[in-house]
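Novice: Sequence:
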Amino acid sequence: MKCYFAKKHLFTFVFLLVTALQFSQQSIIDTSILTDFNNAIQLYNNKAYAAAQKSLLKVIKNSEKSSNLNADAAYFKAMCALKLQQTDADKKVLDFVEKYPNSTKKNQAFFNVANYYFANQKPAYALKWYQKVNKEVISGENRKELNFKSGYSLLVSGDLSSAKNLFLPLINDGKYGNDARYYYGFIAYKLEDYGLAESTLKEIADSDSYKAEISYYLLDISFKSGKFERCIKIGEELLKDKKRKDSSEISKIVGESYFNLENYLAAIPFLKSYKGKNGKLNNTDYYQLGFAFFKQNNFQNAIAHFNKIIDQKNAVSQNAYYHLAECYLKIGKKNEALNAFKTASEMDFSVKIKEDAALNYAKLSYEEGNPFENVADVLQNYLKNYPTSTSYKEINQLVVYSYIHQQDYEGALNYLKKKKSEDNAALTLEVSLYRGIQLLNDQKFTEALPYFTISKKSLVAEIYQKGYYWEAETLYRLGNYEEALTKFISASILEKSSKTEELQLIDYNLGYCYFKLNKYSEGIRSFKTLLQKNGLENDLKNDATLRLADSYYSISNFSDAMKLYQIVVNELCSGADYAQYQIGMSHGFRGENVQKINTLKKVVNNFDNSDLKDDALFQLAITFTALKKSKEAHEAYDRLQKSYPKSVFIPKALVRQGLLYYNENENAKALEKFKLTASKFPNSSDALEAVNNAKNIYIDEDKLDEYVAWTKTLPFVNMSESELEKSSFTIVERKYFDDNNNQNTIISLTKYLKNFPEGVNALKANYYLATTYFNEKEFDNAIPYFEKVLKAGQSNYGEDSLAKLAEIQLSKQNYDAAIPLLERLEQEAYEVENSAFAQSNLMKSYYNKNAHEKALAFAKKVLSKIGIDASLELDAKTIIARSSFKISDFETSKEYYQTIDKKAVGELKAEILYYESYFQNQEKAYEKSNEIVKKLIAEYASYKYWGVRSYVIMGKNYYGLNDAYQATFILENVIKNFKQYEDVVKEAQIELTKIKETEAKTNNSINPQIKN
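For the sequence shown, this note's numbering gives the first residue as 19, with consecutive numbering after it.
In case anyone wonders, no lab produced these hints; they're calculated from the structure. The beta carbon of each residue, even a glycine, is placed where N, CA and C say it ideally should be. Careful, some of the hints might be misleading.
[Unchecked claim] Distance windows between CB atoms, simulated:
#	residue 1	residue 2	range
1	283	248	57 to 65 Å
2	176	113	47 to 55 Å
3	395	957	35 to 43 Å
4	879	730	43 to 51 Å
5	112	75	17 to 25 Å
6	395	907	53 to 61 Å
7	495	443	55 to 63 Å
8	395	211	26 to 34 Å
9	432	298	47 to 55 Å
10	179	248	26 to 34 Å
11	410	758	40 to 48 Å
12	283	213	54 to 62 Å
13	395	213	50 to 58 Å
14	106	1007	47 to 55 Å
Generate the whole structure from the sequences, applying the supplied hints.
Specialist: Structure, rendered in structure tokens:
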């Protein structure tokens, strides 16, 4: 709308020079004042307003206050203020009116001010002054002008009805008619009185001033009246004028007309030509384009427009989401369709669409998995909301299978318990097996056991056979070897007729049970049977070979043992250093000391990362001593003490080297070793032996007084040790080993330590008491006694105390306390299991402390060992993958996640899939990343945290694929449904805000500040 009148009719004030003024009230006229006034008026007419105002002030000052001259001067002074746009111009006019209320120029003053503002395109200001004008005292022509300009000002101010009433009397006026008619018709158009608008505007449709605007209004009126064919004909004709500024709006009318006539193909180019308001389309615009493409089976283009519709809930969006879901199905994108059906099913604008969308949502949830809701819940909600649906029976059958499909076996069992039937009873036995395996994989052995026991009741061979096997395996992992053996024997009977994969290697399990129970002959039989089978994996074959060799070794069949150990050494398999060491020990037991020495030297020199080097050096020293090769023996002892100062063999090595010196009559050197043993390892049995050996030297040298003086400095040596202490400890120790009532043992040990806190056996008693508390899981009570054992120095009980105390602190997640214990255990451990335990938990503890560089160092140290346990290897590689990611070494992280992928199960597998999707997203491989997320959700739904995190990545992927709907749907559902994961919700909110801010730049329907 334009103010054409304002352009054509700029008002001016024309004042004729007044040469003589007659003032009937005055008898004498001051000619000089009159001259000043006339000069001021001349300046005013010449637009010298500042000079005129100055002269008028002089006139006002010198003229009579009540004179007409004074009043006229005040009037023109106010007009000058108005012309000069002085801030107090309004006030000066009002002051004039107040001071001269009877002035004939009062009405003219109001009119002039209003016209001035009108001419300067300030209609709101103008209207205020127009409303002050008294219409009764102005001329007819001025009254028309007043009505027209007041009407226009009201129109601009939004008071359409009042404006319409002022324009109506003017529509036939010669001067204002066309303009008034245009505005009258325009107002009728805005008030949706299309019949009046059309009849009014048609009369001036050919007017040069309004032709373009009127043609659009008439076109739009035809559209709103449902005259679509006419709109198309006229609109296409208008669009031939390429210079039209409203071609975008006309294209919209033509496009929507074709759309309403269901000629969608013809509608598309016109709808695409519409640029929106201020360059932005709205959701309805996107819907029409999307639906038009949908009707042409152009599903990709339909999706590209439907998925722009976000941030609103109305009938348009419900329809759009339903059709969007259909489009996704047409191109095979079921996950995307699921999301769109869900959104459509949550709106009530169309009941039919709502129910059909809910049905499709339920079915797709079962087929594809559902990240935001439990699939079984979705299915059951459908049954609840639509109990009369023709699909009721179909959906009911899918409920149980949905639990199984998502590996939510606990949920399946709970549902089956409530829905009892013969079929469900049989299914309960099968699901119990799956639940047991799930718990077993999560290291929850005690919880898993009863599920396997239940599954054995199944009449399905595969189910009960697996139940037998996994029940036995669980008992083995719990350390109940006798019962495990019995169960494995029962399972082995089934193996002959079974094709169940687990039972094919039952001899391996039997062999281990026999081995753990020291039934070596039976173990040999089982391991040999296993090794005769073809197609064994290398790791399994290698491990079975070692255990078979160990079994021969344990029954002193060293010849067969060495042959098997040599196979492992030759093939450099895992445990090759152990096999080499065992060959050396076998030679020793056969009296082949030279061969023993040569073999043990290989352990020391050929295996850089072996944990058995200190063992080999100790055995070398003992063997050299037996062969009376004292020099070589001393070299071995010295190398052991220098290279492995924290080895468990150090106290024994010191005592034995001291005896070697004693036998060589080097008493001073012998005494040095004995004293070193007593000082560094007090309370140990080696220290007591060293004291006794030193006593012999002092006696030989007739220095018994020195011996007595020395032993007084040793708190663990009591020359007057009472028989009472010995007897008391004997009783306590018997209880420790024989009494199954741990509480009785605790009472006895506590009493002993109270009576003999510094007794010879106090160290052992502290260890026994700590271990008993540990077994009773009274960890807080165990801690101080383990600490006393460790404080006493290196002893036979130190390693186990370190391991158990570290385990306690780890269970409390007290990593600050656990780490120094683990570091010490790693250095001092003799048992391979303890060393592996220390290294494994050091890397985990440092990771949990966010000390990722140290975690990486320990993980790499673990992997450098030969023959490490498969689970430890997996842990180490996992830590490297995680820590590398934390320090932004993404290439290494990606490499190690790929390495552990094949061996990972359960939650670790879910984690790997998450990071795999993350790396693909970073490489802009959005489709591939989404496929990985779908796999995670479908196969590892029970690990909810990783699924939720992966859906944030999926949201990013969809936005990278220009699918704003899917992106916002996913992120909004993460925020809505998973508030327990605060870190994930925060990330999702950030991404959602970014997307909405970007989309709002091209879509008028989106307000990033409003949260749905």
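Novice: Does each hint fit the structure? Answer for all of them.
Specialist: Hints, one by one, checked against the model:
1. 283 <-> 248: 57 to 65 Å: At 20 Å between Cβs, range violated.
2. 176 <-> 113: 47 to 55 Å: 31 Å, violated
3. 395 <-> 957: 35 to 43 Å: 19 Å, violated
4. 879 <-> 730: 43 to 51 Å: 44 Å, holds
5. 112 <-> 75: 17 to 25 Å: With Cβ atoms ~18 Å apart, the hint holds.
6. 395 <-> 907: 53 to 61 Å: 41 Å, violated
7. 495 <-> 443: 55 to 63 Å: At 29 Å between Cβs, range violated.
8. 395 <-> 211: 26 to 34 Å: 54 Å, violated
9. 432 <-> 298: 47 to 55 Å: 51 Å, holds
10. 179 <-> 248: 26 to 34 Å: The hint (26 to 34 Å, Cβ to Cβ) holds, given that residue 179 and residue 248 are roughly 29 Å apart.
11. 410 <-> 758: 40 to 48 Å: 59 Å, violated
12. 283 <-> 213: 54 to 62 Å: The hint (54 to 62 Å, Cβ to Cβ) is violated, given that residue 283 and residue 213 are roughly 33 Å apart.
13. 395 <-> 213: 50 to 58 Å: With Cβ atoms ~56 Å apart, the hint holds.
14. 106 <-> 1007: 47 to 55 Å: Distance hint for residue 106, residue 1007 holds at roughly 53 Å.
Comparing the model with each earlier hint shows violations of hints 1, 2, 3, 6, 7, 8, 11 and 12; every other hint is respected.
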